[in-house]
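Student: Chains as they are written, first to last, in our numbering: chain A, 7 to 261; chain B, 695 to 814; chain C, 7 to 316.
Rather than coming from a laboratory, the hints here were simulated on the basis of the structure.
A quick note: this is a predicted structure, and the numbers were derived from the prediction, not measured.
No residue lacks a Cβ here, since even glycine has one placed at the ideal position from N, Cα and C.
One thing to keep in mind: the hints can contain errors.
As the list claims (entries may be wrong) - Derived SDA-like pairs: lysine to any residue, alpha-carbon spacing no greater than 20 Å straight-line:
#1 B:Lys700 with C:Arg273
#2 B:Lys700 with B:Asn712
#3 B:Lys700 with C:Ser226
What the hints assert, rightly or not - To list a few chain C residues with every Cβ distance to chain B over 12 Å, as calculated:
#4 Thr12
#5 Ser18
#6 Glu80
#7 Trp112
#8 Val133
#9 Tyr186
#10 Val203
#11 Glu229
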Amino acid sequence: MTAISTTAALRDTTAVPSTGRRIWNVTRLHFANRFSMIALPWIIIGFIYLVNLVIWISIFASTHEQLTGTQWSGSTMYIFVYFGIAAVQAMNLTFRFAMGMSATRRDYYLGTVVAFALQGLLFTAVCTLLSYVEDWTNGYGMSAHMFSNIYMGTGPLWQRLFTAFFAFMFCFALGALAGSVFVRWRSNGLYLLGAIVAVLGVGFVAVTTLTGSWPAVGAWFADSRTVGVVAWLLIPMVVSAVIGYFVLRKAPSRA
Amino acid sequence: MIDDSKPIFQQIAEQIENDIISGALPEESQVPSTNEFAAFHRINPATAGKGVAVLVDDGVLYKKRGIGMFVATGSRERLLAKRRESFRTDFVAPLIAEAKKLGISPAQLNQLISEEGEAS
Amino acid sequence: MTDTATPVVEVSGLTKRFGDVVALDDVTLTVRPGAITGLLGRNGAGKTTLMQTITGQDFANSGEIRVFGEHPVENAKVLSRISFIKEGQKYPDEFKAKHVFACAPWFYENWDAEFAAQLIDDFQLPVNRRIRKLSRGQLSAVGVIVGLASRAPLTFFDEPYLGLDAVARQTFYDRLLADYGEHPRTIILSTHLIDEVANMLEHVVVIDRGRIIMDESADSARESATTVVGPRGAIDAFVAGRRVLHREGIGGLASVTVERLDADERREALAAGLELAPVSLQQLIVRTTNSATTDFGAEEPSSIKEGTRS
Chain A
7 MTAISTTAAL
17 RDTTAVPSTG
27 RRIWNVTRLH
37 FANRFSMIAL
47 PWIIIGFIYL
57 VNLVIWISIF
67 ASTHEQLTGT
77 QWSGSTMYIF
87 VYFGIAAVQA
97 MNLTFRFAMG
107 MSATRRDYYL
117 GTVVAFALQG
127 LLFTAVCTLL
137 SYVEDWTNGY
147 GMSAHMFSNI
157 YMGTGPLWQR
167 LFTAFFAFMF
177 CFALGALAGS
187 VFVRWRSNGL
197 YLLGAIVAVL
207 GVGFVAVTTL
217 TGSWPAVGAW
227 FADSRTVGVV
237 AWLLIPMVVS
247 AVIGYFVLRK
257 APSRA
Chain B
695 MIDDSKPIFQ
705 QIAEQIENDI
715 ISGALPEESQ
725 VPSTNEFAAF
735 HRINPATAGK
745 GVAVLVDDGV
755 LYKKRGIGMF
765 VATGSRERLL
775 AKRRESFRTD
785 FVAPLIAEAK
795 KLGISPAQLN
805 QLISEEGEAS
Chain C
7 MTDTATPVVE
17 VSGLTKRFGD
27 VVALDDVTLT
37 VRPGAITGLL
47 GRNGAGKTTL
57 MQTITGQDFA
67 NSGEIRVFGE
77 HPVENAKVLS
87 RISFIKEGQK
97 YPDEFKAKHV
107 FACAPWFYEN
117 WDAEFAAQLI
127 DDFQLPVNRR
137 IRKLSRGQLS
147 AVGVIVGLAS
157 RAPLTFFDEP
167 YLGLDAVARQ
177 TFYDRLLADY
187 GEHPRTIILS
197 THLIDEVANM
207 LEHVVVIDRG
217 RIIMDESADS
227 ARESATTVVG
237 PRGAIDAFVA
247 GRRVLHREGI
257 GGLASVTVER
267 LDADERREAL
277 AAGLELAPVS
287 LQQLIVRTTN
297 SATTDFGAEE
307 PSSIKEGTRS
């Protein structure tokens, strides 16, 4: 029996996109739904800002004195916590979808890291800018500091950028590790991870107490300042990110 | 139309043959494409293609490059001849077997055939 | 058209366990390129697990898998040519259907936006609605549209159309056949609605309890069994010594499904006053699956109102 060809021959001319393109595709995926990844963090910061503003204005209006102590304000810390949690959520939600779109885990992880880095860059830029705004307006004329807090918002430009960016990235890295652990082992994995971290923390506290090293620890923090601390955090940041990758590599994607 | 009684590609081939014999597909006319057959009967295009291929092999259809499949000249006669040959196994033998089952003798059968032939 | 050159998927000795349960048991299989292959079997037989391991979404315990000649796991060269549409695909929260269709072209080089738009219309899918708020049928439609419009050289459909009503399913089959005709590619369709897709399949693979029990062309599968019907005595005489796949009876009538009968044997049956009936693909698979899981020769799976035990 002779073979008859149908109207179109079987042709597979699919080109494989380059690695860079594939990673970028995952990054774009994270931002596809503009609201939760882009708008929401700003809404949260905006809300915190407004709350602070209301408080400052009420105090200033009643006392007519320059505010004191606001440079210790930790209100921007909320955003770090949010990013850590958002990282876990983002991975949990997008991993299976990306797998469903035939992405590799490696491309997914790298693309996700890039997405987090972009978020970090954006926030660093804006927070740093706002810190200068607060400086120039002398705390809105009230010596009110939110973005120009003592932790990240003071000092030379490079210091502000460095501290803010790597502080964000540290949170994202932890979030990526937690996200990978959650994707692979679900809640049990997270509990275990939390337990390990807790044990390490308690262990550190125990050792420090037993060796009477608290003053030394305090001194170290004071000497290093935020910049130094953040610089040291680079190590656990990289370690978390790498462990996170290896955890995700073997994560099955089941419905 | 398409059932489980025999391979689907055979049923497609037979349907085309029936259309040629009945005159619905005149000689030198174009036959629907395999995709059209597939869509109509809701079957795999490859299967429809196989049915068409059988007819091409038999010389009933031929291909005009870039246009499609056409009914070959003289195919109707050839199909009628082929059907006449298989008439005996396809219709006569079962008829005899059924008649035997019902206890109708060959002589009675002959009578029935003449009567029915005259009536129609 | 099928090209019998290099198989697009080659699996050998594949085993996958989930704890104590052996989901895939030493599976060996090749999938020919350019054909629509049905991966059939009961719920829990291992269809999904097989597809998950072939596409690198889950990991086998042992065995070899080659897709387009290479290992599929973490292999972008292979994976970018695969589309795996499964029931229960999770989408990012807050995603709307339109976001899915916006992302799909990035991952599928052959994506046809026009075709996708037409399908969205055919399935009446509300693209601006949150995925979470879609009905089961609409959710299935999203998967089906992605699978069809992706035009991936190797496309898997893992029962993604279960949520679709009969009309929508028919639309899916029609679009699939039409597009397959225009753009041939390898399609693997898993389902337990065998009758609906039987005529669309070129090749049939049946899996039962993690083992491949049938792997042949659809035509050959259909010819592999026949139902013989007639008076009990005549039937018993005819089937003596033959492998019986299934037996039914009522009153003095018996209906037995036996293995392939050649032309001579068919004539013999007709001469004995017996009737021959074809076996549909669904009946064949149901009966083969049943006999694979019950002892051959033990209690028949479905004897209906049998008079005396034959």
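Student: Each hint: holds or not?
Tutor: Hints versus structure:
Taken as a hint, the B:Lys700 and C:Arg273 pair is honoured in the structure, with Cα atoms around 16 Å apart against an allowance of 20 Å. The suggested pairing of B:Lys700 with B:Asn712 holds, with an alpha-carbon distance near 16 Å, which does not exceed 20 Å. For the suggested pair B:Lys700 and C:Ser226, the alpha carbons sit about 10 Å apart, so the restraint of at most 20 Å is met. With a least CB separation of 18 Å from chain B, C:Thr12 remains clear of the 12 Å interface cut-off, as annotated.
The non-interface label for C:Ser18 is consistent with chain B: the shortest C-beta to C-beta separation is roughly 26 Å, beyond 12 Å. The Cβ of C:Glu80 sits about 33 Å from the closest Cβ of chain B, beyond the 12 Å cut-off, so the non-interface label holds. Non-interface status of C:Trp112 relative to chain B is upheld: no Cβ of that chain comes within 12 Å, the nearest being about 30 Å off. Annotated as non-interface, C:Val133 keeps its C-beta farther than 12 Å from every C-beta of chain B; the closest such distance is 27 Å.
Interface exclusion of C:Tyr186 from chain B breaks down, the closest Cβ pair being 6 Å apart, not more than 12 Å. With a least beta-carbon separation of about 10 Å from chain B, C:Val203 fails to lie farther than 12 Å from that chain, contradicting its non-interface assignment. For C:Glu229, the non-interface assignment is contradicted: its Cβ lies about 7 Å from the closest Cβ of chain B, within the 12 Å cut-off.
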